[in-house]
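Asks: Here are the chains, one letter per residue:
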Amino acid sequence: MEMIDLFINGIAVSVEPGTNIVKAAKKVNVNIPTLCYHQDLDAWAACGICIVKQEGSPKMLRACATEVTPGMKIITHDPEIIKVRRTVLELILSTHPNECLTCPRSGNCELQKMAADLGIREIKFAKRVKRLPKDESTPSIVLDPTKCIQCGRCALVCQNMQGAWALEFLNRGENTRIAPAADVDLIDSPCIKCGQCSAHCPVGAIYEKDDIAKVWDMLEEEDTHVTVQIAPATRVAIGEAFGFEPGDIKTGQMYAALRRLGFDAVFDTNFSADLTIMEEGSEFVKRFTEGGTLPLITSCCPSWTDYMEKNANDFIDNFSTAKSPMMMMGSMAKTYYPKQMGLDPKKVRNIAIMPCTSKKYEITRDENMFSTDQQDVDAVLTTRELARMIKAAGIDFANLPEDEKADSILGEYTGAGTIFGVTGGVMEAALRSAYFLITKEDLEDVNFTAVRGLKGIKEAEIDIKGIKVRVAVAHQTSCIEQVLNKVREARKAGEETPWHFIEVMACRGGCIGGGGQPVLATDEIRAKRTAGIYSDDEKSVIRCSHNNPEIQKIYKDFLGEPLGHNAHKYLHTSYQKRIAYTLND
Amino acid sequence: MAFKNYILVCAGTGCESDGALEINEEFKKQLKTLNLEDDAQLVTTGCFGFCAQGPIVKILPDETFYVMVKPEDVKEIIEEHIIKGRPVERLLYDKEQAHQKASVEEIDFYQKQFRIVLRNCGLINPASIDEYIAREGYGALEKVLFEMTPDDVLSELEKSGLRGRGGAGFPTFRKWMFSKGVESDQKYIVCNADEGDPGAYMDRSTLEGDPHSVLEAMTIAGHTIGANEGYIYIRAEYPLAIERLEKAIAQATEYGLLGENILGTDFSFTIELRLGAGAFVCGEETALLASIEGNRGMPTTRPPFPAVKGLWGKPTVINNVETWANIPVIILKGGEWFGNIGTETSKGTKVFALTGKIKNSGLIEVPMGTTLREIIYDIGGGIPGGKAFKAAQTGGPSGGVITADFLDTPIDYETLAALGSIMGSGGLIVMDEDDCIVDVAKFYLDFTVDESCGKCSPCRIGGRTLYNLVDNVTKGLAKEEDFDKMLEIAKAMQKASLCGLGQTASNPVVSTLKYFKDEYMAHLEGRCPAGKCKDLIKYTILEDKCIGCTACARKCPVNAITGVVKGVHVIDQEKCIKCGQCVAACKFNAVLVS
Chain A
1 MEMIDLFING IAVSVEPGTN IVKAAKKVNV NIPTLCYHQD LDAWAACGIC
51 IVKQEGSPKM LRACATEVTP GMKIITHDPE IIKVRRTVLE LILSTHPNEC
101 LTCPRSGNCE LQKMAADLGI REIKFAKRVK RLPKDESTPS IVLDPTKCIQ
151 CGRCALVCQN MQGAWALEFL NRGENTRIAP AADVDLIDSP CIKCGQCSAH
201 CPVGAIYEKD DIAKVWDMLE EEDTHVTVQI APATRVAIGE AFGFEPGDIK
251 TGQMYAALRR LGFDAVFDTN FSADLTIMEE GSEFVKRFTE GGTLPLITSC
301 CPSWTDYMEK NANDFIDNFS TAKSPMMMMG SMAKTYYPKQ MGLDPKKVRN
351 IAIMPCTSKK YEITRDENMF STDQQDVDAV LTTRELARMI KAAGIDFANL
401 PEDEKADSIL GEYTGAGTIF GVTGGVMEAA LRSAYFLITK EDLEDVNFTA
451 VRGLKGIKEA EIDIKGIKVR VAVAHQTSCI EQVLNKVREA RKAGEETPWH
501 FIEVMACRGG CIGGGGQPVL ATDEIRAKRT AGIYSDDEKS VIRCSHNNPE
551 IQKIYKDFLG EPLGHNAHKY LHTSYQKRIA YTLND
Chain B
586 MAFKNYILVC AGTGCESDGA LEINEEFKKQ LKTLNLEDDA QLVTTGCFGF
636 CAQGPIVKIL PDETFYVMVK PEDVKEIIEE HIIKGRPVER LLYDKEQAHQ
686 KASVEEIDFY QKQFRIVLRN CGLINPASID EYIAREGYGA LEKVLFEMTP
736 DDVLSELEKS GLRGRGGAGF PTFRKWMFSK GVESDQKYIV CNADEGDPGA
786 YMDRSTLEGD PHSVLEAMTI AGHTIGANEG YIYIRAEYPL AIERLEKAIA
836 QATEYGLLGE NILGTDFSFT IELRLGAGAF VCGEETALLA SIEGNRGMPT
886 TRPPFPAVKG LWGKPTVINN VETWANIPVI ILKGGEWFGN IGTETSKGTK
936 VFALTGKIKN SGLIEVPMGT TLREIIYDIG GGIPGGKAFK AAQTGGPSGG
986 VITADFLDTP IDYETLAALG SIMGSGGLIV MDEDDCIVDV AKFYLDFTVD
1036 ESCGKCSPCR IGGRTLYNLV DNVTKGLAKE EDFDKMLEIA KAMQKASLCG
1086 LGQTASNPVV STLKYFKDEY MAHLEGRCPA GKCKDLIKYT ILEDKCIGCT
1136 ACARKCPVNA ITGVVKGVHV IDQEKCIKCG QCVAACKFNA VLVS
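Heads up: the sequence lines are chains A and B, in that order.
First residue of the first sequence? That's 1 in the numbering used here, and the numbers climb one at a time after it.
First residue of the second sequence? That's 586 in the numbering used here, and the numbers climb one at a time after it.
Mixed in with the good hints, there may be bad ones.
Okay, derived cross-link-like pairs now, EDC-like style, lysine to aspartate or glutamate, Cα gap no bigger than 20 Å in a straight line [stated by the list, open to error]:
1. B:K944 x B:D1020
2. B:K899 x A:E67
3. B:K1076 x A:E55
4. B:K899 x A:D42
5. A:K124 x B:D1069
It should be emphasised that the hints constitute simulated quantities derived from the structure, not laboratory data.
In this text the structure is predicted, and so the values were computed from the model without any measurement.
Assemble the whole structure, with the sequences as input and the hints as a guide.
Replies: Below is the structure:
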């Protein structure tokens, strides 16, 4: 590729065409301060902080939105640039409540950091904070427009990355604010609760709904047996809150921390991911070999399910009826577990630690989530909330034992369970077991690398002893319509479906990039978390769900056969059409 | 001429709102009743420009210029002028002067004007393509299609030195050249008719008076750069211009001058209208393109410039109405001819909307390099009421003031910039001694703050914060150090705002603060020298002048004035809202504003 040569602060640098000045400057060790810019998104150029000069021009350029050109001579800082940046920042701060002490983003707020970096000691402009009501209508996220700095990231994420189009700019000028179009509440909007807005917000204007107090209350209840489950993707990200690298596996430390917080039993959602494979894999094999609606589409992502129910409900019959691993764990924790342990099911609680804000919505989505005569999962904490809870308790996470184990009989997991946390993982896990279910033989090489990686849509044709299975994997919701449209076209033309099995995850990278994970993930961070997940898989002794001894036991002792009566009762669900917009009068 | 007389009735928006349509109908009726339809041809035209004197009726061939005509005058004009050949003297312009200025050549308002853009306005019926064609209309297109290569067109354009009339003055040929140079399966031509400066209406008048000139120019551009689709983005508040454009597009299509295989060639070009909702920022080209695409009208960064990556990511030439209207003339008369008009750096003419404290308000077109003095005093007739000239604002809310010291500066892009103002779209507002300069700056800033799209923080927050500081000055609440804050914000807005709106919004403040620092300082001391700022002025009744007629008390909307008949009246300062109605009501100059 022809590289572009330019100068930044007099230092020669060579970069790929299409590189913006922010990225080019990093090559010469200059971090141009940015507030609205995020690598995931096209530069929106709203904040006015990243201004730089081009030699010979009186104008200032937005480093985020300006692509380099050959021979460019860029000055990233001089007294005038610094002064203008400070004025712009002071203007932004003059409309910000500056309530850092009580803000959920205190300590990792980009605005706070910038004020510190630029050494703002006073704000010379009159304070003018517009108090606006919060939107707390969803169980997943809180929108606090009072703190919004109008960087536009959330709207861009919602529209361009997630294709949900729930968030939009309303009004104009100083009255501009972020809200769903037509100013409906989020719950009445096409919002899919993925929380990507909250993961991209530079400040505390959008954040997860905090359920920590609820969980402390449950831990305080007498006579109850409080169980907890941790999702696959949480273990490779929670360390970031404690100074570890993204992708560092902290499974043992998480189990230990949860026990020290007072949970009575610590389970692993990786176990119920194995269970999901047994059900969903069997469902696929049944539809594939005996005939049934194809393609089968995975359903463990609640944001994707929400999206489908609102925007693609012509695919209801294609959806796997298998519940998500979290919900399977909830129902097993309240049936099988108390039965085996001699506990009163009514006294058992189940809390889920999830990388996801949408999971908070899923636990009460419909009556199927109450399959055990009570709510199957009682509360969901995101990775971020658990980190805060651990900090609040003063637990020294970094020095907890890494070899602590999950509790039997819902704790043992395989490599197939753990890869549920990344895009392509559910597909790969399903294929590992589908191979066995069809051929009654185990695979020699369990790695299906074609479905791995950050590419938005991945396709593969799998040869199962001469039987060709065509699969597709999509992640980041905006990529999904493309896949669905191909299926629709084939359907309309009466042709054979382009794929037999489709995996969908709403967030980029899958759950490791979930909206409840430590904020501000980039592709670099996603790649590290992904690597963490695959290394967890590789070091697992058992890498196929059907070989998990606790899974074999649960079918023997409680569930019977996959897709059997009990499995149907506790592990499967149904879907309904929903309307994307509910307009009040 | 086939007819003995032509009766030209102005039907621009200004005259129309003063009854021009009724006048037109009355002429039609009278001509029919008197059986004169074969003698006199009635022509409904676009704007004459002399809006202060509207409605205007002009009689050809003797060029008699009737002003402030009413429907009831029509009969007299026909009976006296058309039948007997005697001008109706009472309707002539400037009738009070001894020497009656009857025809256009004699009217001072037109003497220093030079009309290229407005060449057909007030002369032809904009609803008739035949009249446009009769005035060499579509001759330029024909020349381009049959006698010139696209490079010839660019070359003429380069020679002409034409620069964009929308505000920034970017050389037009370069825009075209960039777009022509980009390989693309699709290119677009866009006309920016989203005129939004307060007081500016040259684009509206051009489209109302001569819509085909813009269509012809866009088609020429399409052929030159290789585009087959054009859009005119026009605000929905311009219904008459929209109506005339729609009609013109239909006519041109019918005549084979638009649409498939224009004039039998293999070149096809269509033009569609897109109506804007009136957001000022949509006059900014990237916001305008976003709006055409159906997105929220918010600017994006440049580069990439629309000429390379514009509408739907395709190369797009976007020029404003006035720029377009110059094109056919440049093609017909040659770039060299055009380049001889104007100054060294700014060629051709400029249309100004002359408003404010000026006798002859209206639309004027003068060669670049004309001085402000010529515009204000020779064309505009000076300030009414013998008041003193204070300043003129050019460039609308994005511009700055020009003071009396610079009245003799030849106006072009560079000289205005050097004075801290801009050419802008050509609004020219004249202020006299009664105007408070701080109040003027506040007025413009209020406009831009309201019209900010809200995307970038320097404009969104800086604009409001700056406004509040200026507002404090007008209320006597400011401190001297606030001026530093104002300039600091202004600089941040200029340097860090995303688009022209934010980058220039502080200009009125910066410019007035530079030239009228004393007046700002007076406000710090609680004094508004012009007596405009309500919080700093007080209305009192002079005992020795008040005769107790009660006129002021009756007019006062808040009953703040008390007093018995024939007794001295008093204004309750607590209740007074400083509306000034008492001043207007008092015949004895007994109300003092201090």
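Asks: Compare the structure with each hint and give your call.
Replies: Hint check:
no., hint, in the structure
1, B:K944 x B:D1020, "holds (16 Å)"
2, B:K899 x A:E67, "holds (18 Å)"
3, B:K1076 x A:E55, "holds (19 Å)"
4, B:K899 x A:D42, "holds (18 Å)"
5, A:K124 x B:D1069, "holds (11 Å)"
The structure agrees with every numbered hint stated previously.
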